[in-house]
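First to last, the protein sequences are chains A and B.
Heads up: the first sequence at position 84 corresponds to 84 in full-length UniProt numbering, and the numbers run straight through without jumps.
Heads up: the second sequence at position 113 corresponds to 113 in full-length UniProt numbering, and the numbers run straight through without jumps.
Source of the hints: derived by calculation from the structure; they are not laboratory data.
Quick caveat, the model's predicted, so the values are computed rather than measured.
Built from N, CA and C at the ideal position, the CB exists for glycine as well.
Hints should not be assumed to be uniformly reliable.
Between beta-carbon pairs, the in silico distance windows are [said to hold, decoys possible]:
no., chain 1, residue 1, chain 2, residue 2, range
1, A, ALA26, B, SER428, 45 to 55 Å
2, A, ARG78, B, VAL107, 29 to 39 Å
3, A, VAL67, B, VAL176, 34 to 44 Å
4, A, ARG78, B, GLU202, 23 to 33 Å
5, A, SER177, B, GLY32, 39 to 49 Å
6, A, ALA175, B, VAL176, 45 to 55 Å
7, A, CYS95, B, PRO46, 43 to 53 Å
8, B, VAL176, A, GLN40, 41 to 51 Å
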Amino acid sequence: MSAREEILNRLRNTHVAEQQAMPDIAGWFGAHRRSEDVVQRTARLRAALEAVHTEIHDVTHDNWSSVLLQVAIGKGLRHILIGATTPHGEQLQACQTKALQLIPYEQPIDTWQDLLFDGVDASLTLARGAVAETGSLILWPTPSEPRLMSLVPSIHFVLLDADTIHEDFYAAMTAESWSEGMPTNALLICGPSKTADIQQTLAYGAHGPKELVVLIRHADGRQA
Amino acid sequence: MNKVVHLHPMDDFKARSKAVLDNAGQRKNFRGAMDFLQTKRRAQFPDQEELQGLRELGSSIRRYSLAHLPRLLEQLEANLTANGVQVHWAQNGPEANAIALKIAQRVHAKRIIKGKSMVSEEVGFNHFMEAAGIEAFESDMGEYIVQLAGEAPSHIIMPAIHKTKQEIAQLFADEVPGVTYTEDVDALIQIGRRVLRRKFAEADIGLSGVNFMVAETGTLCLVENEGNGRMCTTVPKVHIAITGIEKVVEKLEHVPPLLSLLSRSATGQAVTTYVNMISGPRQPDEKDGPQEVHLILLDNGRTQAYADDELRATLQCIRCGACMNHCPVYARIGGHAYGTTYPGPIGSIISPHMLGLDTTYPLAFASTLCGACSEVCPVKIPITDILVRLRNEAQARPETEEATLRGSGAARTLVASTVWGMWSQVYSKSGLYKLASWFMSRGRALSPSEQGAWTRSRTPLVPAPKRLRDLMKDHKS
Ligand code: SF4
Numbered sequence: 001m002s003a004r005e006e007i008l009n010r011l012r013n014t015h016v017a018e019q020q021a022m023p024d025i026a027g028w029f030g031a032h033r034r035s036e037d038v039v040q041r042t043a044r045l046r047a048a049l050e051a052v053h054t055e056i057h058d059v060t061h062d063n064w065s066s067v068l069l070q071v072a073i074g075k076g077l078r079h080i081l082i083g084a085t086t087p088h089g090e091q092l093q094a095c096q097t098k099a100l101q102l103i104p105y106e107q108p109i110d111t112w113q114d115l116l117f118d119g120v121d122a123s124l125t126l127a128r129g130a131v132a133e134t135g136s137l138i139l140w141p142t143p144s145e146p147r148l149m150s151l152v153p154s155i156h157f158v159l160l161d162a163d164t165i166h167e168d169f170y171a172a173m174t175a176e177s178w179s180e181g182m183p184t185n186a187l188l189i190c191g192p193s194k195t196a197d198i199q200q201t202l203a204y205g206a207h208g209p210k211e212l213v214v215l216i217r218h219a220d221g222r223q224a
Numbered sequence: 001m002n003k004v005v006h007l008h009p010m011d012d013f014k015a016r017s018k019a020v021l022d023n024a025g026q027r028k029n030f031r032g033a034m035d036f037l038q039t040k041r042r043a044q045f046p047d048q049e050e051l052q053g054l055r056e057l058g059s060s061i062r063r064y065s066l067a068h069l070p071r072l073l074e075q076l077e078a079n080l081t082a083n084g085v086q087v088h089w090a091q092n093g094p095e096a097n098a099i100a101l102k103i104a105q106r107v108h109a110k111r112i113i114k115g116k117s118m119v120s121e122e123v124g125f126n127h128f129m130e131a132a133g134i135e136a137f138e139s140d141m142g143e144y145i146v147q148l149a150g151e152a153p154s155h156i157i158m159p160a161i162h163k164t165k166q167e168i169a170q171l172f173a174d175e176v177p178g179v180t181y182t183e184d185v186d187a188l189i190q191i192g193r194r195v196l197r198r199k200f201a202e203a204d205i206g207l208s209g210v211n212f213m214v215a216e217t218g219t220l221c222l223v224e225n226e227g228n229g230r231m232c233t234t235v236p237k238v239h240i241a242i243t244g245i246e247k248v249v250e251k252l253e254h255v256p257p258l259l260s261l262l263s264r265s266a267t268g269q270a271v272t273t274y275v276n277m278i279s280g281p282r283q284p285d286e287k288d289g290p291q292e293v294h295l296i297l298l299d300n301g302r303t304q305a306y307a308d309d310e311l312r313a314t315l316q317c318i319r320c321g322a323c324m325n326h327c328p329v330y331a332r333i334g335g336h337a338y339g340t341t342y343p344g345p346i347g348s349i350i351s352p353h354m355l356g357l358d359t360t361y362p363l364a365f366a367s368t369l370c371g372a373c374s375e376v377c378p379v380k381i382p383i384t385d386i387l388v389r390l391r392n393e394a395q396a397r398p399e400t401e402e403a404t405l406r407g408s409g410a411a412r413t414l415v416a417s418t419v420w421g422m423w424s425q426v427y428s429k430s431g432l433y434k435l436a437s438w439f440m441s442r443g444r445a446l447s448p449s450e451q452g453a454w455t456r457s458r459t460p461l462v463p464a465p466k467r468l469r470d471l472m473k474d475h476k477s
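Chain A on its own, in the form it takes in the complex (with noise of 0.2 Å):
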């Protein structure tokens, strides 16, 4: 018999007196929930993304760009990775300054792993959503703005659309149906990497971004 079958066997031969209802996790996030509105949700988001030393910025569809390409030249960055076929990469594009270089992700990583590892600055995605109660952003990584992005390069700059922020992870993966089919890769990103491993002394930048920037992008009229 295959270890397959012996392991299922072991398992289906115990008899399992204890039956347990399917847990009802609807009614604990429904009894648990703030109820709160755009503004209410990016402040809470904001105040839980900078106490883990991520940088935020409040931009519009307007000027988004130049605000990113403004912090960028002012963090002294070469370069920026971008998507290779997205609408927020070619408008960075058509802004394109003469300081910074930008260089879309376009072919596979096969063919130039050591260039990303060792000579680009930064990058920029954008996030599919985000998690109000804990700082997080939501990454589904495509084949236009693969994984890497959001690791390999030193300062990671990620576009959020303030209408997009959910409340907790559950309201984001039920309003956004996860469950009928996830990606490859989905990820939640809250702040650069750190690590508190050398006796319990927190450092940022330990294998991904060392820097993470978010430009909150706001509805036009909306108050940021």
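Knowing the structure of chain A, use the given hints to seat chain B with the ligand on it.
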């Protein structure tokens, strides 16, 4: 560079404990670390009502998942397979290692980069791979430090908790080429980052553990702060995840409550920096990610715990480490004294299934039964009840119905069982009790001054000169 780490046999548990107790520096490290982790956890749960409600929910999710374990494992396997993940089953450590080696040999792997995985420690993965000529390199900062020192982790969440920054500074200066001594923690972490970035880029295989597996979507969830877990599961061409069969839940919606309990209980964070949910290998239109993803599902004694209605609760564990952070015994002797992969209260109740009760039963006795572990456990495992049950199992008469585990009855001795046999006779027959207590009170001068373990640190027990019934008789007359 890698020295082989030997886990010590159980019989020197007491000697190792004593060595730590005699080491004031180590005790200070542990105490400081435990205070730090306890304070951080407490700050995450300001609302007792919310905490208790969430623990109840977490516990019900884990119990529900275990009640349906065989079905959920099959569903998980079917969905992962449909997503392109290859699922393997291993009954024990050697089988798990052999599966990983076969994959490694097929892809001609020379180097494996590892994310944090206690299950890989459980099966002795690094040692096995190195014997087969394949480098297995730890990338979690704590694990990297411990591996560099040729040691084993002393805590399941913070592997290098037993080391001071001075010790780590010296270790880096001695072992990492081109590094001069520095106690600056940021500088030390940047040294680790630099070394390990190259390792990620060069590795042929990334190995990781798993925190939760979701049956309905075929998803592996990994939580971490450092980003090394994401590196291991994204950069190399092959990703192998290894975990115990108990880690599955049915629905994606079961993850948020457990995730909240795990990160708050473990490190006192509302959420970890990264929650990494993997549902398949790189797709044809994707530009990065591993081309192969494998999952090794390990039994290694878990089905023995599963078969028992009381011990099954052991498998509810989400490996947060809170029980050890709050354990007065762990705080004093640290993780290495246990000699097992999983130390602390969870180690004492899970290790007997992995290694046999005969080699691990002293751990069940190394508890004051104060109940701190059961009180903080986010999934409400009745740890102290299980410790008592294991003590009884260790004393059980072998080959009888009362001995249900591998190694049951190992602590049973002729003297002890005779004494307890007599004790139970005396206490269940009133005539015998009267007679025995008369002799005890009158013959108290004959009480031995050496009374085994009792007198090692206490004064000898001497019966009272008068029995209670004598006192009552005096009182009445
Ligand atoms: S037994 Fe409970 S407290 Fe201990 S590690 Fe497991 S889940 Fe955490």
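Status of each hint after checking the structure:
no. : hint                            : verdict
1   : A:ALA26 / B:SER428: 45 to 55 Å  : holds, 54 Å
2   : A:ARG78 / B:VAL107: 29 to 39 Å  : holds, 36 Å
3   : A:VAL67 / B:VAL176: 34 to 44 Å  : holds, 40 Å
4   : A:ARG78 / B:GLU202: 23 to 33 Å  : holds, 25 Å
5   : A:SER177 / B:GLY32: 39 to 49 Å  : holds, 46 Å
6   : A:ALA175 / B:VAL176: 45 to 55 Å : holds, 47 Å
7   : A:CYS95 / B:PRO46: 43 to 53 Å   : holds, 46 Å
8   : B:VAL176 / A:GLN40: 41 to 51 Å  : holds, 48 Å
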